[in-house]
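Novice: If you want the building blocks of each chain, they are given just below.
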Amino acid sequence: MHQLYTSVFEPGFFASPQVHVAATLGALVAVVCAVVGVFTVMRGQSFAGHSLGDVSAAGGSGALLIGIGPVAGFVGLGIIGAGVMEMIGVRRVRGRDLATGIVLGAAIGLSALFLYLTSTSGATTGAAQQVLFGSIFTTTSGTIPAVAILGALALGAIAAICRPLLLATVSPDIAAARGIPVRLVGLAYMLALAVSVGLSSLAIGAILSTALLIGPAAAALRLTTRVARALIIACLTGVAATWVGILLAYDSYYWGSAHEGLPVSFFIVALIFATYLASGVPAAWASRSRPEAAPATAGERDTIAA
Amino acid sequence: MFAGFMMNAWTTATIVAVVAGVVGYFVVLRGSAFPAHAIPKGAFAGAAGASLLGISTLLGLAVFSVLGALGIGFMSRRGRRDVVTALALVMMLALGAAFLSRTTEYEPEIFSLLFGEVLGVSSTEILPVAALGLACIAAVAVIYRPLLLSSVVPDIAEARGIRGHRIEICFLLVVALATAMTVPVVGALLIFSLMIGPPAAARSFTSRPLLAMCLSVVIALVIVWAAIAASYLYNWPIGFFVGALGALAYGAGRGWAAWRRTRTTRPGALTATFGH
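Residue numbers (our numbering), protein chains in the order written: chain L, 1277 to 1582; chain P, 26 to 301.
Just so you know, the hints here were simulated from the structure itself, not pulled from any lab data. Where is the CB? At the ideal position from N, CA and C, for every residue including glycine. One thing to keep in mind: the hints can contain errors.
[What the hints assert, rightly or not] Partial pick of chain P residues on the chain L-facing surface, computed with a CB cut under 10 Å:
(1) V53
(2) A155
(3) L215
(4) F217
(5) M220
My request is simple: use the sequences and hints to build the entire structure.
Specialist: Take a look at the structure:
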């Protein structure tokens, strides 16, 4: 029994202060991302959610260059980017994607410049990789309060606009007829998205930020159509994937004889990806056993059309 | 600026701009900005994997971009397209992070794969880039009519027997091909700016498909040439100029469209008032 225990939790896992920081930060960010992510997936704004990560990373490299705090850089440029996206965004989904793409393109150009200027001034090495991938194990415990406060702010904003946001998401026309300022609600949501994506890019890196925003929420929404249930499932999935990923990354150092660990982001993303794929199984199974009750999927429509 | 080593940069950048202008027109028309961002960025992981295995970067890029395109294409049958694209992207990037943790790759090389190193193109790289570019344009020419129809009026295209899903996969493969050829030259992130800004601007000026496509190629060429010249003169990364000029071109297009709308609605409003 003890042997099994030590093979799952390699020695020193619970004592390591790095693991404590990573697990706390990871859980905080996973919950904020999962809640915001449910609305992101429902509104079909995954692209904006991902792009804001890159936009805020550009802010992070800018902050590195002029020497201000990374939190201000990440969240600041993220908020500006979200505002511009919403401002030039057209109502239709294609126009919105285009607006997102234009802002993203400009932000990528900016981060190329900032990173170049930072690397020529010779102040930091590994800046490009840090900004692009990030690592949960390198964050210090000093980041936790900032992440907690901003995360609470984003969650509070979402809670405050929850009902009008839901209606505006599901049916913008009915929402507008009821006197809900649809565009204003959309803007408030985008700002909450920018804050949560900015802070998660800072804390855990751009890859994980997108993965935790989209993956758990998308899996939850495939399992249930009720929003409250989806929120709970998404939070649990996100936190579970983060903790198991951290454990596997810690253990991976002891796999083989080379003593080269794999990055924690790899494990968390792989777990989330697998969860998403698995979440499609119940629906596929249900539609197979009761074909007349389930609405046709795109694949089925193709088959029928053929 | 036109010395021997610079001629390679001018030639490859010209080829890249033509391909980006043509493929990008359909990217914008189909609202495929996210896959067009995800495939090059995810393919970057393939380059990292190739350097780990010691095989050619181009092969790694090609394998990962095609896998990414097929993955997005097939998974979107059962899930929302933007969700599937995001998850495919992060999975590829996570693999890239795992590869990178195992290599001792020098950081400037990562930087140049992401942001491009057009000034460092060698003359042996021109031929494969040109061949892949031709293949890309040829593929677009072959599927031009069904692609256009399914992009603009998907329902009518379906009624005419064009299978939207097949066209989508073909198109994603074209994007993958364009990715594999352009990433070593302009970088994984910049090809995206070049595929979005110029066509989006071109569509504000004209609604005729062929004309818009030509205009998009012209704008892409101007942006790339200006970016190379500026990058040569000021020694800043070419990516910054491409990104900034792309956004500027889009802004100009939107401004032009808005100005023309106000100019045409005013006489229209007068006719409406005095018409009867």
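Novice: Now look at each hint and say whether the structure bears it out.
Specialist: Hints, verified against the model:
Of the supplied interface hints, the one on V53 (chain P) holds, with its beta-carbon coming within about 6 Å of a beta-carbon of chain L, less than 10 Å. With a least beta-carbon distance of about 25 Å to chain L, the hint placing A155 (chain P) at the interface is violated under the 10 Å criterion. Interface hint at L215 (chain P): satisfied, since its Cβ lies 7 Å from the closest Cβ of chain L, which is below the 10 Å cut-off. Among the interface hints, the one on F217 (chain P) holds; its C-beta lies about 6 Å from the nearest C-beta in chain L, closer than the 10 Å criterion.
The beta carbon of M220 (chain P) is positioned within 10 Å of a beta carbon in chain L (closest approach about 9 Å), and the interface hint is therefore held.
Hint 2 from the earlier list is the only one contradicted by this structure; the remaining hints agree with it.
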